[in-house]
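Visitor: Between the sequences and the hints, there should be enough to build the whole structure, so can you do that?
What follows is the residue order along each chain.
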Amino acid sequence: MTRLKTVFLARYGFLVTAIILIVIGLARNEQQEVLHKAVRICLECIGIG
Amino acid sequence: MSGMHRNRLKHGGLSLQRAIQLLSAALLNGYIVGFQKGKIFTGGFKTVCVPVLNCYSCPGALGACPIGSLQATLGVKHHFPFYVLGLMTLFGVLLGRLVCGLLCPFGLVQDLLYKILFHKRNVPKKIDRPARYLKYCVLFVLVILLPAFAASESGITPPYFCKYLCPAGTLEGGIPHVLLNPQLRKTAGVLFDWKLLILFFIVLASTIIPRPFCRYLCPLGAFYSLFNRFSFFQMHVDKDKCIGCRACERACPMVVEVTKNCNSAECIRCGKCKTVCPTNAISWNFTGKVPASEPKAIETADKA
Numbered sequence: 001m002t003r004l005k006t007v008f009l010a011r012y013g014f015l016v017t018a019i020i021l022i023v024i025g026l027a028r029n030e031q032q033e034v035l036h037k038a039v040r041i042c043l044e045c046i047g048i049g
Numbered sequence: 001m002s003g004m005h006r007n008r009l010k011h012g013g014l015s016l017q018r019a020i021q022l023l024s025a026a027l028l029n030g031y032i033v034g035f036q037k038g039k040i041f042t043g044g045f046k047t048v049c050v051p052v053l054n055c056y057s058c059p060g061a062l063g064a065c066p067i068g069s070l071q072a073t074l075g076v077k078h079h080f081p082f083y084v085l086g087l088m089t090l091f092g093v094l095l096g097r098l099v100c101g102l103l104c105p106f107g108l109v110q111d112l113l114y115k116i117l118f119h120k121r122n123v124p125k126k127i128d129r130p131a132r133y134l135k136y137c138v139l140f141v142l143v144i145l146l147p148a149f150a151a152s153e154s155g156i157t158p159p160y161f162c163k164y165l166c167p168a169g170t171l172e173g174g175i176p177h178v179l180l181n182p183q184l185r186k187t188a189g190v191l192f193d194w195k196l197l198i199l200f201f202i203v204l205a206s207t208i209i210p211r212p213f214c215r216y217l218c219p220l221g222a223f224y225s226l227f228n229r230f231s232f233f234q235m236h237v238d239k240d241k242c243i244g245c246r247a248c249e250r251a252c253p254m255v256v257e258v259t260k261n262c263n264s265a266e267c268i269r270c271g272k273c274k275t276v277c278p279t280n281a282i283s284w285n286f287t288g289k290v291p292a293s294e295p296k297a298i299e300t301a302d303k304a
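Protein chains in written order, with my numbering: chain X, 1 to 49; chain Z, 1 to 304.
Note that these hints are calculated values from the structure, not bench results. Incorrect hints may have been included.
Unchecked claim - Listed below are the simulated BS3-like cross-link pairs for lysine-lysine, each with C-alpha atoms no more than 25 angstroms apart in a straight line:
no. : chain 1 : residue 1 : chain 2 : residue 2
1   : Z       : 125       : Z       : 260
2   : Z       : 125       : X       : 5
3   : Z       : 260       : Z       : 241
4   : Z       : 126       : X       : 5
5   : Z       : 125       : Z       : 115
Guide: In structure tokens, the structure reads:
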């Protein structure tokens with residue numbers, strides 16, 4: 001298999017994987033976990049907590 | 001006319017890279033009210049991770065930081081972070097480290113600091129090469145392993161990278177909040193001093209060498225670097241046009257051997273090599289297609 005084919009397969013493989021991961025995450029309502037964390041000042045993140 | 005002048009796109013005196021960096025920083029941190037009142041944006045858009053290292057506790061931040069969100073998902077809920085990892089993989093496979101070169105606000109800060117007239121130095125190769133693996137250690141240890149497995153009594157693990165290392169959080173979140181909020185100012189202690197010290201060293205290093213944080217410490221850059229070879233966005237060097245002057249390699253802030261491997265994991269796709277090339281041998285595209293002259297080179301490399 002030439003390198004070009006490997007790159008092509010990896011590229012579309014990762015793209016499909018990314019979409020599947022996002023869809024599973026959305027189905028599990030993980031975006032709300034992100035929101036929950038992101039709408040409060042994270043004291044640890046800014047070096048206070 | 002030299003390649004530098006022919007290729008450089010000017011936008012009111014700014015290079016194309018700088019114009020995009022400024023626009024990205026302004027868009028990602030466009031919540032002006034936050035800076036006025038010392039509060040943060042709480043809208044629904046914060047369900048979306050932005051592609052760059054941009055602290056979600058920055059008063060202006062409109063989106064969520066992927067590295068912070070990854071640690072939060074691993075450290076609080078202790079489950080596989082499908083959503084955050086999916087978004088990071090999507091950004092990686094589409095753009096690779098173009099995100100670092102063109103979109104990251106902390107990258108912009110480092111680029112501007114490097115403009116300061118100060119003694120510039122090259123890091124010796126024997127130190128530079130191994131030190132670049134540090135960012136992968138930061139990614140796997142501070143961002144993934146510790147948040148996933150080092151739980152406290154409460155079962156919640158702190159975001160180790162954000163808490164102990166991230167200079168972007170200190171610059172974009174910590175300093176503005178401490179300046180704007182007297183209550184937080186009172187509670188700032190040793191940890192805040194530690195983070196200020198790290199920020200100070202990175203600021204100082206940025207005036208001497210280009211992009212020290214991106215080179216050695218950034219876990220998001222480490223993650224995206226894994227996709228540079230496969231991403232849809234690709235750099236190309238036309239071997240027929242290249243005259244081997246190595247102007248591209250001298251201009252590269254990440255010290256990439258552009259003529260040998262233009263899609264190196266270290267390339268942040270800032271376009272400086274493309275700008276200085278006197279023969280326009282370097283190009284980039286978003287389709288992932290390899291120009292007609294390159295398959296031969298790749299096939300030759302395969303055989304070798």
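Visitor: For each hint, tell me whether it holds in the structure or not.
Guide: Hints versus structure:
1. Distance restraint check for residue 125 of chain Z and residue 260 of chain Z: the Cα-Cα separation of roughly 17 angstroms lies within the 25 angstroms cut-off, and the hinted pair is therefore satisfied.
2. Restraint check for residue 125 of chain Z and residue 5 of chain X: not satisfied, since their Cα atoms lie roughly 33 angstroms apart, outside the 25 angstroms limit.
3. For a cut-off of 25 angstroms, the pair hint linking residue 260 of chain Z to residue 241 of chain Z stands: about 14 angstroms separates their Cα positions.
4. Between residue 126 of chain Z and residue 5 of chain X the CA atoms are separated by roughly 35 angstroms; this puts the pair beyond 25 angstroms, and the hint is violated.
5. Our distance criterion of 25 angstroms between C-alpha atoms is met by residue 125 of chain Z and residue 115 of chain Z, whose separation comes to about 23 angstroms.
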